[in-house]
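Peer 1: Protein chains in written order, with my numbering: chain A, 1 to 142; chain B, 143 to 284; chain C, 285 to 426; chain D, 427 to 568.
Bear in mind the hints are in silico, worked out from the structure with no lab data behind them.
Honestly, I wouldn't trust all of these hints.
[Stated by the list, open to error] Just a few of them, taken from the derived set where beta-carbon distance is under 7 Å, the chain C residues facing chain B:
hint : residue
1    : R302
2    : Y303
3    : D363
No residue lacks a Cβ here, since even glycine has one placed at the ideal position from N, Cα and C.
There are 4 protein chains.
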Amino acid sequence: MTTSTAPAAVVEARVRVRYAETDQMGVVYYANYFVWFEVGRVEYFRAHGFSYSLMERHDDCHLPVVEAKCRYKSPARYDDALVIRTRLTRRRGPILHFAYEIVREADAELLATGETVHVLVDAKFQARELPDRYLGLPIAEA
Amino acid sequence: MTTSTAPAAVVEARVRVRYAETDQMGVVYYANYFVWFEVGRVEYFRAHGFSYSLMERHDDCHLPVVEAKCRYKSPARYDDALVIRTRLTRRRGPILHFAYEIVREADAELLATGETVHVLVDAKFQARELPDRYLGLPIAEA
Amino acid sequence: MTTSTAPAAVVEARVRVRYAETDQMGVVYYANYFVWFEVGRVEYFRAHGFSYSLMERHDDCHLPVVEAKCRYKSPARYDDALVIRTRLTRRRGPILHFAYEIVREADAELLATGETVHVLVDAKFQARELPDRYLGLPIAEA
Amino acid sequence: MTTSTAPAAVVEARVRVRYAETDQMGVVYYANYFVWFEVGRVEYFRAHGFSYSLMERHDDCHLPVVEAKCRYKSPARYDDALVIRTRLTRRRGPILHFAYEIVREADAELLATGETVHVLVDAKFQARELPDRYLGLPIAEA
């Protein structure tokens, strides 16, 4: 799993489809795309110098999901190498919106698009402001 | 996991939150709600006399998801007994829309709502018409 | 998911195979049996009057797995109703051994057997003694 | 996820722990190590020139698990970069034995070891011989 090195507004992460992620239709089970979105979010933060792990542990910043959506265009299949393109599309107070594209690397086919909305909270699930040092995260509107 | 016995427009299924479904925030990981939606769909069909397993094997009817959405209102927690309320909200040709509510049984709190859109296909992912015997499934608009 | 009401040495829990648990071979993915073992453990405790959730929260008793094993005899398939038979086979200080059988309800076929070994720890992963009130849990040697 | 380029007897694959893989103890849920073992197996085959995906589709060679075991030494945690070391330890007719080590990349700590036993079958789950071209896979006894 690697990310583009430049702190771009759109960050790419890579995953390969695991056997565990397929179902008996022979394609990836639909809930797993949301796991990949999370992988994309984490790499988005990492590309901008932030470890989500440390955001939780050192800054008491947690990002539970309040809304999640995915549109499935073409099925991902076992062993496909995928690119997850993640961007932050909006930020208003403690509310962050992310958008995602899942693309098959071999043929660049767009397999799915999605969005998640998060509210920044502390460990007790109380909404809180984003610490200053995260304010520079680039916004790439849809 | 049980369902109401009457072929109601809204069908209830029950699950108990598994440890595997939690994450290190101490609540259920967001992708798992989509697994529960699928449990709800299956019990919706069963309550109306259809086994989704036989739909696939005998009728070559498969229902891949083309769109899925969830709004998270309050976190489900480990060992919570949950009720999944599923209804079919729309059907047009091979396109079916389902809506879901996830409710905590102990206090009837609504934890999440969601929708999925499916296209009916055969094993080769070609769209196909719904066989006649499924046409009586009740529609409960939102 | 239900359990036998008597505090028997062997406790039964019930699950139905979810679509999410299948893989593209058309059977249940092998890691999911360990999730069912955990469901069995939780129901074992519940059948004896203990909530594993409260064991964690009130008694600071956690049971991480130090060893897990499964032998797969015949594949579980989508929508199979399964019985998980769980028993505590050994307890020595903070070490607990559980054994499991996974049986298909329809034909009573034994699909898998397994064992897990746990060490009782506090929230900081330090081994600790089992509180007195758990000492009466019945041991059913293999 | 990358593998050593030489067709070594021990093949390394890399994964990073996903948030989805943690549980409310704040560590990785135990069943997920078996998913990583599978990632390791796939990369073992790939390092030796074989795509498990094509083994299934072109050679009708499937490798269901008949036995799986894991010993957990130290917990993997969210965002840990892990190395999965996989080797084939034994092959007798259609039976293959694999062994695994899960190591944290940052400090080279051994987190878990495991074994899986597989029987080579066709799509109808009938045992079959390994095609000749796989016979050169190196055996690295324990």
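Peer 1: Hint by hint, note whether the structure agrees.
Peer 2: Against the structure, the hints come out as follows:
1. Evaluation of the R302/C hint against chain B yields a held restraint, the C-beta minimum of about 6 Å falling below 7 Å.
2. A least Cβ separation of about 5 Å between Y303/C and chain B falls short of the 7 Å threshold, and the interface hint therefore holds.
3. A least Cβ separation of about 4 Å between D363/C and chain B falls short of the 7 Å threshold, and the interface hint therefore holds.
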